[in-house]
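Student: So the chains spell out like this:
There are 2 protein chains.
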Amino acid sequence: MGKIVVVGSMAYDSVKTPSGQVDRALGGSANYFSLAASLFAPVQAVGVVGQDYNPDDLQLLKVRGVDVSGVERIEGKTFHWAGEYAGDLNEAKTLATELNVFETFKPKLPASYKTAEYVFLANIDPVLQLDVLDQVQSPKIVAADTMNFWIKTKLDDLKKVLKRLDILFINEGEAKLLTDATNAVSACERLCEMGPKSVVIKRGEYGFLLFTDGNFHALPAFPIKQVVDPTGAGDTFAGGFMGYLAKNDLGLKASSMGQAAVFGTLLASFTVQDFSVGALKDLTAAQVEKRHLQYKEVVSLFS
Amino acid sequence: MGKIVVVGSMAYDSVKTPSGQVDRALGGSANYFSLAASLFAPVQAVGVVGQDYNPDDLQLLKVRGVDVSGVERIEGKTFHWAGEYAGDLNEAKTLATELNVFETFKPKLPASYKTAEYVFLANIDPVLQLDVLDQVQSPKIVAADTMNFWIKTKLDDLKKVLKRLDILFINEGEAKLLTDATNAVSACERLCEMGPKSVVIKRGEYGFLLFTDGNFHALPAFPIKQVVDPTGAGDTFAGGFMGYLAKNDLGLKASSMGQAAVFGTLLASFTVQDFSVGALKDLTAAQVEKRHLQYKEVVSLFS
Numbered sequence: 000m001g002k003i004v005v006v007g008s009m010a011y012d013s014v015k016t017p018s019g020q021v022d023r024a025l026g027g028s029a030n031y032f033s034l035a036a037s038l039f040a041p042v043q044a045v046g047v048v049g050q051d052y053n054p055d056d057l058q059l060l061k062v063r064g065v066d067v068s069g070v071e072r073i074e075g076k077t078f079h080w081a082g083e084y085a086g087d088l089n090e091a092k093t094l095a096t097e098l099n100v101f102e103t104f105k106p107k108l109p110a111s112y113k114t115a116e117y118v119f120l121a122n123i124d125p126v127l128q129l130d131v132l133d134q135v136q137s138p139k140i141v142a143a144d145t146m147n148f149w150i151k152t153k154l155d156d157l158k159k160v161l162k163r164l165d166i167l168f169i170n171e172g173e174a175k176l177l178t179d180a181t182n183a184v185s186a187c188e189r190l191c192e193m194g195p196k197s198v199v200i201k202r203g204e205y206g207f208l209l210f211t212d213g214n215f216h217a218l219p220a221f222p223i224k225q226v227v228d229p230t231g232a233g234d235t236f237a238g239g240f241m242g243y244l245a246k247n248d249l250g251l252k253a254s255s256m257g258q259a260a261v262f263g264t265l266l267a268s269f270t271v272q273d274f275s276v277g278a279l280k281d282l283t284a285a286q287v288e289k290r291h292l293q294y295k296e297v298v299s300l301f302s
Numbered sequence: 000m001g002k003i004v005v006v007g008s009m010a011y012d013s014v015k016t017p018s019g020q021v022d023r024a025l026g027g028s029a030n031y032f033s034l035a036a037s038l039f040a041p042v043q044a045v046g047v048v049g050q051d052y053n054p055d056d057l058q059l060l061k062v063r064g065v066d067v068s069g070v071e072r073i074e075g076k077t078f079h080w081a082g083e084y085a086g087d088l089n090e091a092k093t094l095a096t097e098l099n100v101f102e103t104f105k106p107k108l109p110a111s112y113k114t115a116e117y118v119f120l121a122n123i124d125p126v127l128q129l130d131v132l133d134q135v136q137s138p139k140i141v142a143a144d145t146m147n148f149w150i151k152t153k154l155d156d157l158k159k160v161l162k163r164l165d166i167l168f169i170n171e172g173e174a175k176l177l178t179d180a181t182n183a184v185s186a187c188e189r190l191c192e193m194g195p196k197s198v199v200i201k202r203g204e205y206g207f208l209l210f211t212d213g214n215f216h217a218l219p220a221f222p223i224k225q226v227v228d229p230t231g232a233g234d235t236f237a238g239g240f241m242g243y244l245a246k247n248d249l250g251l252k253a254s255s256m257g258q259a260a261v262f263g264t265l266l267a268s269f270t271v272q273d274f275s276v277g278a279l280k281d282l283t284a285a286q287v288e289k290r291h292l293q294y295k296e297v298v299s300l301f302s
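Chains as they are written, first to last, in numbering that gives the first Met the number 0: chain A, 0 to 302; chain B, 0 to 302.
This is chain A alone, in the form it adopts within the complex (with noise of 0.2 angstroms):
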């Protein structure tokens, strides 16, 4: 069993989506990541908050088990986002996006953190990215997920952090716009010249494409048939699949990794059920199990 460390946003979120609305809701990559990967092994969140983060939501991954000592206070207003689904729930139109006490964040590991086998890196700054990265002594897995405002705008900050890399999760749109690809098979393989020993692919209610050691790993995501809030699904992906990395330590092998990748989208299919941490913050792993071997029916080859 290996620790994780993750460095990602602590956010209020206020969504609208076909199915109703929250006003500055739980939310940020940190967050869902956490609470989806201390179902399986022990994480060290490092983030900021404002003064007007409520204390119960840092209690929310207190009681998972989740080391906070990463986490800042510091005088301002939490990282704040509001955005938009329509139609099939795609793609989020983004209202608005404001900083706040994220503007100035500088990535401090208390010492305890720096000894972490895992790392994960949500999608922030790369610049930040690379700072926690040296921050860590001599992690085993590094992964990291990005968007494409960084591959716009930070494109060789970026580079350096894919250099480092063993695995990117990465949205099939931006796996596109970062590698000039058609597809997301071609997308994988030059996305590995990069620097990544292996790539996972977002697909969302497609599930994921997984390359890793050369070969092509493709399951889609467990049906659901109200999508409430897409919000956090990637990051709750990306959390079960490095929480089941961490919780059995075997490294990179294919069949480690597509069975982490079938856990990360196991979760995600909760996260979407309802808005925020709705779903995610009471799951527990009897529910994940059953769901699991549901889903094994759904993809059963019957032969």
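Careful, some of the hints might be misleading.
[Stated by the list, open to error] Beta-carbon label-pair distances, calculated as ranges: (1) A:Gly172 <-> B:Lys295: 52 to 60 angstroms; (2) A:Gly172 <-> B:Glu296: 51 to 59 angstroms; (3) A:Phe301 <-> B:Lys289: 15 to 23 angstroms.
[What the hints assert, rightly or not] Interface residues of chain B toward chain A, partial, derived using beta-carbon atoms under 10 angstroms: (4) Gly75; (5) Thr181; (6) Ala183; (7) Val184; (8) Ser185; (9) Glu188; (10) Glu204; (11) Gly206; (12) Asn214; (13) His216; (14) Pro219; (15) Ala220; (16) Asp248; (17) Ser255; (18) Lys295; (19) Ser302.
It should be emphasised that the hints constitute simulated quantities derived from the structure, not laboratory data. On a predicted model such as this, the values are computed, not experimentally measured, just so you know. No residue lacks a Cβ here, since even glycine has one placed at the ideal position from N, Cα and C.
Following the hints, position chain B against chain A.
Tutor: Same frame as chain A, but now just chain B:
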């Protein structure tokens, strides 16, 4: 082993994709379907061609054992479709649709066709689909495909077809259009309320979502690095699917439907690797079986 009657278009297609272009190459739903299905079971094709139709193109079906006695050759030109795919190849832009001999097509089934156990009504006017169905005596399994054009212009006739179906094959976008559902999972349930016992949502590179007997079953497509031309992939999928069903004659059992969908997606993965029927015309059962083994690795749960 049952035999399959298919009615659909036999066409010449002019197609442009990022990989190149072809002019008046063999196409049409009945051709793609027949070439795929005939790898598994006997096929009887119903269609109409013009005087310009190359005898070699009928010969292609005959060497696969396809009965073409139901293909009429009449005065005029063969159906011609021209289209272009850009970007991610997920949607064709239609540049021209010249119905030609198809405009006055009245399908007439030879006596030997009327005892077929399996019927596939490819994407044609629902009035013609009904007409064919009325000519088959007592089929075990009736399946059909449709498209947005018929949903928008002949909804009442299409609804009559739906009521008589065991299996509906439909694209994801068209499933949503027909049901007003926002996702494929809920679309499946609503479609079954309209008649079909089972629904197969075709998802292109994301594979399929099958809803049968109250259960969902989903798997991705086989990963293809260079998709040359997606034209005909859906009809090939239906051909592999129906061919497998007819070969094994196990009815609508979830396990046989699931395996049928796997063979559909495998066959379709060949079609997209070349223009026209290039990859399908010489395809052997051994090649399909080889890819089947690779596919099992790709979608393995490793547990």
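Student: For every hint, state whether the structure bears it out.
Tutor: Structure-based check of each hint:
Between Gly172 (chain A) and Lys295 (chain B) the beta carbons are some 29 angstroms apart, a value that contradicts the proposed interval 52 to 60 angstroms. A C-beta distance of roughly 27 angstroms is found between Gly172 (chain A) and Glu296 (chain B), which places it outside the suggested range of 51 to 59 angstroms. Evaluation of the 15 to 23 angstroms hint for Phe301 (chain A) and Lys289 (chain B) yields a pass: the beta carbon distance comes to about 20 angstroms. Taking 10 angstroms as the C-beta cut-off, the interface hint given for Gly75 (chain B) is violated, the closest approach to chain A being about 38 angstroms.
With 10 angstroms as the threshold, the beta carbon of Thr181 (chain B) comes within range of chain A, its nearest partner Cβ sitting at about 6 angstroms, so the hint holds. About 7 angstroms separates the beta-carbon of Ala183 (chain B) from the nearest beta-carbon of chain A, less than 10 angstroms, and the hint is met. A hinted interface residue such as Val184 (chain B) counts as satisfied when its beta carbon comes closer than 10 angstroms to some beta carbon of chain A; here the least separation is about 5 angstroms, so the hint holds. Interface restraint check for Ser185 (chain B): the shortest CB-CB distance to chain A comes to about 5 angstroms, inside 10 angstroms, so the restraint holds.
Checking Glu188 (chain B) against chain A: minimum C-beta separation of about 7 angstroms stays under 10 angstroms; hint holds. Because the beta carbon of Glu204 (chain B) sits about 7 angstroms from the nearest beta carbon in chain A, less than 10 angstroms, this interface hint is met. Using the Cβ-Cβ criterion of 10 angstroms, the hint placing Gly206 (chain B) at the interface with chain A is satisfied: the shortest such distance is roughly 7 angstroms. Interface hint at Asn214 (chain B): satisfied, since its Cβ lies 7 angstroms from the closest Cβ of chain A, which is below the 10 angstroms cut-off.
With its C-beta approaching chain A no nearer than about 6 angstroms, His216 (chain B) sits inside the 10 angstroms limit, and its interface hint holds. Here the hint on Pro219 (chain B) is kept, as its CB sits about 4 angstroms from the closest CB of chain A, short of 10 angstroms. Taken as an interface hint, Ala220 (chain B) checks out: its beta carbon lies about 8 angstroms from the nearest beta carbon of chain A, inside 10 angstroms. At its closest, the beta carbon of Asp248 (chain B) sits 16 angstroms from a beta carbon of chain A; the interface hint therefore is violated under the 10 angstroms criterion.
Residue-level restraint check for Ser255 (chain B) holds (minimum Cβ-Cβ distance to chain A is 8 angstroms; threshold 10 angstroms). For the restraint placing Lys295 (chain B) at the interface with chain A, the shortest Cβ-Cβ distance is roughly 6 angstroms, inside the 10 angstroms limit, so the hint holds. For Ser302 (chain B), the interface hint holds, since its Cβ comes within 10 angstroms of a Cβ in chain A; the closest pair sits about 6 angstroms apart.
Violated hints, listed in ascending order, are 1, 2, 4 and 16; each of the other numbered hints is respected by the structure.
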